[in-house]
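Participant: As they're listed, the protein sequences go chains A and B.
Take numbering that gives the first Met the number 0: the final residue in the first sequence is number 280, and no numbers are missing along the way.
Take numbering that gives the first Met the number 0: the final residue in the second sequence is number 334, and no numbers are missing along the way.
Incorrect hints may appear among the rest.
Unchecked claim - Cut-off 25 Å, straight-line C-alpha distance, at most; resulting in silico cross-link-like pairs (DMTMM-like, lysine to aspartate or glutamate):
(1) A:K105 to B:D131
(2) B:K297 to B:E264
(3) B:K297 to B:D184
(4) B:K297 to B:E246
(5) A:K105 to B:D168
(6) B:K79 to B:E260
(7) B:K79 to B:D131
(8) B:K135 to A:E69
(9) A:K105 to A:E187
(10) B:K224 to B:D168
(11) B:K79 to B:D168
(12) A:K184 to B:E58
(13) B:K135 to A:E101
(14) B:K135 to B:E156
(15) B:K224 to B:D239
For the record, the hints were derived by calculation from the structure and aren't laboratory data.
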Amino acid sequence: MTTATAPSKPGRVAASLPQTARDIAVITQRNLLRNVRLPQLIILSTIQPIMFLLLFNYVFGGAIGGTLPEAAGGEYINWLIPGLLVQVAAFGAGQTALGLAEDLSKGVIDRFRSLPMARSAVLAGRTFSDLIRNGFVIGLMLVVGFVIGFRYQTSFAGLVAGLALAMVFSFAFSWIMATIGLIVKNPEAAQQAVFLPVFPLVFASSVFVPTQTMPSWLRAFADNQPVTVTVDALRGLILGDGALLPGNTVEGQVLLSLLYAGAILAVFVPLSVRVYRRTVN
Amino acid sequence: MTTPIVEVEGISKTFGKTVRALDNVSLEFQPGIIYGLLGPNGAGKTTLIRVLTTLLRPEAGRAMVAGVDVLADPKAARQKIGLAGQFAAVDGYLTGRENVQMVGRLYGLPMAEATARADEVLGRIGLADAADRQVKTYSGGMQRRLDLAASLVGRPEVLFLDEPTTGIDPRSRIDVWELISDLVDGGTTVLLTTQYLDEADQLADRIAVIDEGRLISEGTSDDLKETVGGAVIELSVPADRQDETMEALRRICQAEPLLHEVTREITVPAPDGARTLTEVVRALDAASITPDDIGLHKPSLDDVFLSLTGRPAEADAGDEAAANGSNQRRRRRRP
Ligand SMILES: Nc1ncnc2c1ncn2[C@@H]1O[C@H](COP(=O)(O)OP(=O)(O)OP(=O)(O)O)[C@@H](O)[C@H]1O
Ligand SMILES: [Mg+2]
């Protein structure tokens, strides 16, 4: 995780692994405290997806219910929950951009950059704390889902695996958002900027409805983009093979989703660290 | 002489294509002193601090801090420095203690030590009573002091303070001055920036005056005053006699008197001190000009700035000083 580029010289203090881990823990704790001390933040960001859940379920449920694969057990809520878990993961990751932009604009990042701490800790601490936060919101969603009728159709292990995959996706997405936040810098602008990638990915996907009725050019994108792949993987894990497009397997979708996450991390972790090191406010 | 603790050589930094924030700045100083960076808004003070604290890379030059090449080995430099920036960088939702503790931990202190150090510096800076309150309930001045506390927690060898007393009330300002002096007595070296001439005058052992990115003068407060000459006559006369007075001063003092646009005060170097003053008083008397006010002063940094740049420092810094409602520069100068 250290980002030292020059060879070690005498007197050079390279961030050791334990130091890096400790710095990440310090920053993660700091960020999480914000959620605890300003509970309205997390309450508001939980209300929104729950509202989505209720609206979509009761407004569209009746109309869409009949067109769903059998694996959904005839209930739109069963189809919707895996999709919304991924949607929450994507929108929640947007908080990473906001948090970093806020720290930048308040000069906190300047302080961090003048301290002998691991360079990667500010970003890693931010993405970890957002992961924990998103895990909390995802859990809450699931509870509300259960209350209004959601039932997994495979096994409890399948459900847990699905949740884990949503978290992996959320973490990878956070690093894209970190890069955006560092480039945009201004919190208000960052708020707008995160919607640019998130909206098309979430709506041109299988989150709310099956992709079959989309025009073919859109379907080509929708079926293969990371949100759909991850949503389908979750559906396979939670609802069974029958929820997938013909020819797709659960293992295949899970693997593809993990590959997407890995590719995103491979590009955006080094990229955001690079931008962070160069950022001058 | 020991080796300098801070050594800056030919640093230049341009923003965009045209804004030359630093123009070939060189300076150096010894450990254990307070070094003042004095200049009006936009002079380049913050830019120089950002270069020295590894936040900004200049396009040319070299900088050594505490024996470490800042540009070649920023990581090692960060181990030796503390920074309190121009704007308080504290977290509102954390308590004062948590803020300082966090910085201590990021300096590598174990939890227990970070806590002990946090309590120590908070007590020292007069925030012990507020340590357990969330910082969003602090006043602006308290937040600035907290920021200062955070910069001390790692026991840095060299402390960089960007306008440490801006926005702090006059009483707390004296406290901050005392704290800074104590730190230096304890072996820390401090580089601070200020727009306030009296602050540089009273606090700094050496002063660099910068203006528009260039170092225009450097030395002790007394050295700088020497550049103006031994003493200065300051006087004001009725507006209709101003031109005549200026003419007389020009003749007697062999120098161009400066007229302050707003206060209508005239200042002029007095080469022979009291003798020159007597001569001026006689000349004015002979012309039946009665000054409203006249006096002989050792030159202040106001005069230094005026003579170095041809304009008063406060024309630039005045807005902010007025907005702060405190820290007003003395109109009456110390002898
Ligand atoms: N990030 C930046 N981008 C563009 N220009 C900048 C940037 N930072 C500083 N400048 C410019 O560089 C010059 C020096 O700025 P600097 O902040 O160093 O001044 P200063 O002496 O600290 O002023 P003040 O007393 O107002 O704090 C100014 O003209 C400023 O506009
Ligand atoms: Mg400044």
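Participant: Take the hints in turn and mark each one as holding or not.
Facilitator: Verification of the hints:
Our distance criterion of 25 Å between C-alpha atoms is met by A:K105 and B:D131, whose separation comes to about 22 Å. At most 25 Å may separate the alpha-carbon atoms for a hinted pair to count; B:K297 and B:E264 meet this at roughly 16 Å. A C-alpha spacing of about 28 Å is found between B:K297 and B:D184, which places the hinted pair above 25 Å, so the restraint is violated. Restraint check for B:K297 and B:E246: satisfied, since their Cα atoms lie roughly 23 Å apart, inside the 25 Å limit.
Our distance criterion of 25 Å between C-alpha atoms is met by A:K105 and B:D168, whose separation comes to about 22 Å. The suggested pairing of B:K79 with B:E260 is violated, with an alpha-carbon distance near 45 Å, which exceeds 25 Å. Taken as a hint, the B:K79 and B:D131 pair is broken in the structure, with Cα atoms around 29 Å apart against an allowance of 25 Å. Proximity of B:K135 to A:E69 is assessed by CA-CA distance (about 54 Å); at most 25 Å being required, the pair is judged violated.
Of the pairs offered as hints, the one joining A:K105 and A:E187 holds, with about 13 Å between alpha carbons and a cut-off of 25 Å not exceeded. Taken as a hint, the B:K224 and B:D168 pair is broken in the structure, with Cα atoms around 28 Å apart against an allowance of 25 Å. A threshold of 25 Å between alpha carbons decides the hint, and for B:K79 with B:D168 the separation of about 30 Å lies outside it, so the pair is violated. Proximity of A:K184 to B:E58 is assessed by CA-CA distance (about 23 Å); at most 25 Å being required, the pair is judged to hold.
Our distance criterion of 25 Å between C-alpha atoms is met by B:K135 and A:E101, whose separation comes to about 15 Å. Our distance criterion of 25 Å between C-alpha atoms is broken by B:K135 and B:E156, whose separation comes to about 30 Å. Simply put, B:K224 and B:D239 have alpha-carbon atoms about 31 Å apart, too far for the 25 Å limit, and the pair is violated.
Against the hints set out earlier in the document, violations occur for numbers 3, 6, 7, 8, 10, 11, 14 and 15.
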